[in-house]
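A.B. asks: As given, the protein sequences belong to chains A and B, one line each in that order.
Using numbering that gives the first Met the number 0, the letters of the first sequence map in sequence onto residues 0 to 922.
Using numbering that gives the first Met the number 0, the letters of the second sequence map in sequence onto residues 0 to 123.
Everything labelled a hint here was simulated from the structure, so no lab data went into it.
Cβ coordinates follow ideal geometry from the N, Cα and C atoms, glycine included.
A hint or two may mislead.
Here are the computed distance ranges between Cβ atoms for each label pair [what the hints assert, rightly or not]:
hint, chain 1, residue 1, chain 2, residue 2, range
1, A, Leu672, B, Lys57, 38 to 46 angstroms
2, B, Glu87, A, Ser662, 37 to 45 angstroms
3, B, Gln29, A, Arg886, 42 to 50 angstroms
4, A, Thr737, B, Glu87, 36 to 44 angstroms
5, B, Glu87, A, Ser760, 41 to 49 angstroms
6, A, Leu672, B, Ala75, 50 to 58 angstroms
Using 25 angstroms as the maximum straight-line C-alpha spacing, the simulated DSS-like pairs for lysine-lysine come out as follows [claimed, not checked]:
hint, chain 1, residue 1, chain 2, residue 2
7, B, Lys92, B, Lys77
8, A, Lys731, A, Lys858
9, A, Lys748, A, Lys804
10, A, Lys804, A, Lys816
11, B, Lys57, A, Lys858
12, A, Lys686, B, Lys92
13, B, Lys23, A, Lys731
14, A, Lys858, A, Lys724
15, A, Lys724, B, Lys77
16, B, Lys72, B, Lys57
17, B, Lys57, A, Lys716
18, B, Lys92, A, Lys853
19, B, Lys57, A, Lys816
If you only want the chain B side, here are some residues facing chain A, beta carbon under 8 angstroms, derived [said to hold, decoys possible]:
hint, residue
20, Ile13
21, Phe19
22, Arg84
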Amino acid sequence: MLQGWVVVLASFAYIGLLFAIAYYADRRADAGRSLIDSPYVYSLSLAVYATAWTFYGSVGRAAENGVGFLPIYIGPTLMIALWWVVMRKILRISKQNRITSLADFISSRYGKSALLAGVVTVIAVIGIVPYISLQLKAISNTFSVVLRYPDIVMPANVGEVPVLQDTALFVALFLAAFTILFGTRHLDTSEHHEGMVAAIAFESLVKLVAFIAVGAWVTWGIYHGFGDLFARAAAQPKIAALLTPFDAVSGSYSSWVWLTILSMLAIMFLPRQFQVTVIENKNEQHLNKAIWLFPLYMLAINVFVLPIAFGGLLHFSGGGVDADSFVLTLPMVERRELLALVVFIGGLSAATGMVIVETIALSTMVCNDLVMPVLLRMRALRLTERPDLSGLLLGIRRGAIVAVLLLGFLYFRLAGEAYALVAIGLISFAAVAQFAPAALGGIFWKGGTRLGALAGLGAGFAVWFYTLLLPAFARSGWLPIGFLEAGPWGIELLRPLALFGLGGLDQITHAMIWSMAANIGAYVGVSLMRAPGAEELRQASMFVDVFTRPALVGAAGFWRGTAPAADLHNLLARFVGATAAHEAFEEYARRRGVARAALGPEGDADLVYFVETELAGVIGAASAHIMVASVVKEEALTLDEVRAILDEASQVVVYSRQLERKSRELEAATAELRTANERLQELDRLKDDFISTVTHELRTPLTSIRAFSEILRDDPKLALPQRTKFLDIIAKETERLTRLINQVLDLAKLESGTADWHATSVDMREIVAETVTAMSEVFRERSVRLELRMPGVVSPVQADPDRVKQVLLNLLSNAAKFCEPGRGRVEVSLDEEDGAVRVRVQDNGPGIGAADQKIIFEKFRQVGDALTDKPQGTGLGLHICRQIVERLGGRLWVESRVGAGACFSFTLPVPPARRVLPAARAA
Amino acid sequence: MSKRVLIVDDEPNIVAALEFLLEKNGYQVQVAANGEEALARLDEFAPDLVLLDVMVPKVSGYEVCQRMRAQPKWRAIKIVMLSARGREVEVEKGMSLGADLYVTKPFSSAELVATIGGLLSPQT
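Can you build the whole structure from these sequences, using the hints too?
C.D. replies: Written out as structure tokens, the structure is:
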């Protein structure tokens, strides 16, 4: 099924499918339901980076250099990690300024210089032409290889085929027609090509699937998996040499580094990458996903490069088959016709995708930044007076597309045969890398000037031309080869491949070192020689401070010109058509919040700025500036005025930041104060409660004392027994009062931390014994039995003996108080476990309910037998006990059930060094 | 016929003093140790005046006062509130709940007796 007509038919069918997708996406876009407004489509469209070079060339390079093909994919992966900083900024700038191309971007930054835009365009076209020729070469070569099926015959040398019979010419013309249909069917004010992006994203899928299919087939179809394939490859000394990463690449480490840097810059500044990444971007947020999806794509399409390369080397060990064609020739020689066709379509995808986007990007640049500015300046053409220029614009773009592709074909005829696919591609990479200093410097450094950018680009491009492009021509026989070997006019220092005696490097590294040195040196050096002018300063500020400058100051704040609104309207209409111009003005009026008619006959600076930006979206900033200048009576701002505006703006920014910070600080301080105040109020309330409670507790005994003393005073004839009883009550209540006062003072000392503590080594057996003896009289009085159980030895604890006694006394008097006289029994026991001495006071009183077990340790909370009188005591005892025990590092708690007595326990920790051995205790 | 006074307090010594004072001045006295008991005694004892401590167990003095004022049959009974808590709010609360008097502990025995006498004399 690989007859010529089948291949051609399949190709046309495939391209027809692309058209259908593009058409559908355009229709969706017109209906306001964008197909490409998705991070996944965006990431796939970025994969236009992978061209025929990746599809066929990586295998070729791997067959020659082993893993030497990798830096081209490592670079983008590294760069994309920085995109959150770099590309987000470029995106924001481009959207604000309606940038239409890379040339537009650079020229806009340096004061909308038409000259700079032209220089960038020329460099881009010359630099990219070899790259386009690479795609032509890939398509035409694979086509002729497929046509010779079932034989494997490499295509003839280019020179041997007459121009008019060369497949590449027809491929070029066909692609031109295809691109014209794709990219320039109509004129879009913002250079969005939704259909094209959708088709490109689809192509990225197709080439990935095709490549993985052939890779998987080689790995598992021909061989038995990676292990088998690599083992066989390693068995061949020639192939085994490829497996060491650095030795295989000429120039080794420096090559790796420079190739990586080169591709880092290429992913940003190749015109097609700039087109899909920046111009076609629908939403800044899509970057977030692309940052990991795109590297994933790169990984997926590279997994099978080595297996296919090794498979090809093993299969065609006799040589005679170009390694660049392994992807296609392996299925062919194994008679897998369908797979071969899929591969061919995959390669076609990779090549056409690149060519379409690249030529559209270049044609926009050629039209907006090269041809239009020149035409607009030629007064003889009276272009500024023509009513509708959109037809002219389309014509120029179509012409540019054909011209760029024919240039590609020309390069292919002239130099295409001398290099492998990858080498051709690298020449283009090195050319676009020259944009990096001016573009990256422009978004981070306000000091760069128009002259600096021109000097840098010029110097870098000149070195590139001399060290990369001329040698390519020389190798192809169009220049005397002696030029390479001996240098021009025999001057050795000027040899293009070892400039100023810098030898021993591969060609790309050598060219990159010299061109970057010249480029950056000239850019920075010339920029520093003269301070930026008014226009440059304004644009620099709009680019560098895009995130910090308030949008309002960034735009019309710089403008002073006025123009009749009707003139401005007509100007816009000439380029975008009457309807679109009308809509734009309506939109503008809506944004200003007024009716269209209310705008008045004289357009102010804001309207002028608006029209220029709209126009810039169609014809680029430089041309738009010229066009608007023709109708605007602009009073040019002086440098000092621009500076004043910028200073003012930055002061406003600084001031508003300070305000924001201050207000945040104030908020935080207020919150802190509020919390502190709440805390104080809470403390105040607690103190208030405490005082109120203490007062109540003091007044209660005082009441009895006062009442009875008054009774005794007023009634001298009271009987003796009654008198004695009343005096007894007075004495008891006085005691109660004293106890209360002492305990309150004690608590105050404990809580404020001013209590005196005399910590010594204490034998708890002694303390317990002494306290029990002291209390035995009380127990006898109440007829409550008191029992004591102690082991022979316990470890000494560190404690204040008086405080420990105080706790135990309190627990014992509580126990005595709550036990029923006669039946009461209290058991005190002492033991030691888990590094602590534990004292237990168990009674057989009424017990304490679960809910009350917490309450009893709180201040002034008592739980009595509800049926009888309320308990005696202050309600502070247990609270003080707990404070003391916790202060000594122990724990005080109660275990009880209603009706089953209560068991109060407390522990005191034993310092580790003092522990008595269990054996000693048992004794 | 002597007037009847119900003492509601849970402090035995205070109760003892009040009991002695009032009996000496010719009143018939009964004692309730908590609010619940006090309410239970009202119908059976039919006091002319209740000496009501605010902080009694089970049903608080405030609540007893409130319930008494809600019942028409008890509305005529005079209520003297006693409390060791003497803050303004507490006095106001007691008065607004319908007490005739709020006395802060410790009190002067002579004054208390005179006040009770005044409250129970026919002309008021």
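A.B. asks: Hints first: check each against the structure and report whether it holds.
C.D. replies: Evaluated hints:
1. Leu672/A to Lys57/B: 38 to 46 angstroms: For Lys57/B against Leu672/A, whose Cβ atoms are near 44 angstroms apart, the range 38 to 46 angstroms holds.
2. Glu87/B to Ser662/A: 37 to 45 angstroms: For Glu87/B and Ser662/A the Cβ distance comes to about 43 angstroms; the hint holds.
3. Gln29/B to Arg886/A: 42 to 50 angstroms: Distance hint for Gln29/B, Arg886/A holds at roughly 48 angstroms.
4. Thr737/A to Glu87/B: 36 to 44 angstroms: Check failed, 30 angstroms falls outside 36 to 44 angstroms.
5. Glu87/B to Ser760/A: 41 to 49 angstroms: violated (54 angstroms)
6. Leu672/A to Ala75/B: 50 to 58 angstroms: holds (55 angstroms)
7. Lys92/B to Lys77/B: holds (17 angstroms)
8. Lys731/A to Lys858/A: OK: Lys731/A and Lys858/A at ~22 angstroms, within 25 angstroms.
9. Lys748/A to Lys804/A: Answer holds: Lys748/A to Lys804/A is near 18 angstroms, not above 25 angstroms.
10. Lys804/A to Lys816/A: The hint holds at about 18 angstroms.
11. Lys57/B to Lys858/A: holds (20 angstroms)
12. Lys686/A to Lys92/B: Given pair Lys686/A, Lys92/B holds - Cα atoms ~22 angstroms apart, limit 25 angstroms.
13. Lys23/B to Lys731/A: holds (24 angstroms)
14. Lys858/A to Lys724/A: Since the Cα atoms of Lys858/A and Lys724/A sit roughly 32 angstroms apart, the hinted pair is violated (cutoff 25 angstroms).
15. Lys724/A to Lys77/B: violated (31 angstroms)
16. Lys72/B to Lys57/B: holds (23 angstroms)
17. Lys57/B to Lys716/A: Judged against 25 angstroms, a Cα distance of about 39 angstroms means the pair is violated.
18. Lys92/B to Lys853/A: violated (30 angstroms)
19. Lys57/B to Lys816/A: holds (22 angstroms)
20. Ile13: Since chain A brings a Cβ to about 5 angstroms from Ile13/B, closer than 8 angstroms, the hint holds.
21. Phe19: holds (6 angstroms)
22. Arg84: holds (5 angstroms)
Checked against the numbered hints listed earlier, the structure breaks hints 4, 5, 14, 15, 17 and 18; every other hint is satisfied.
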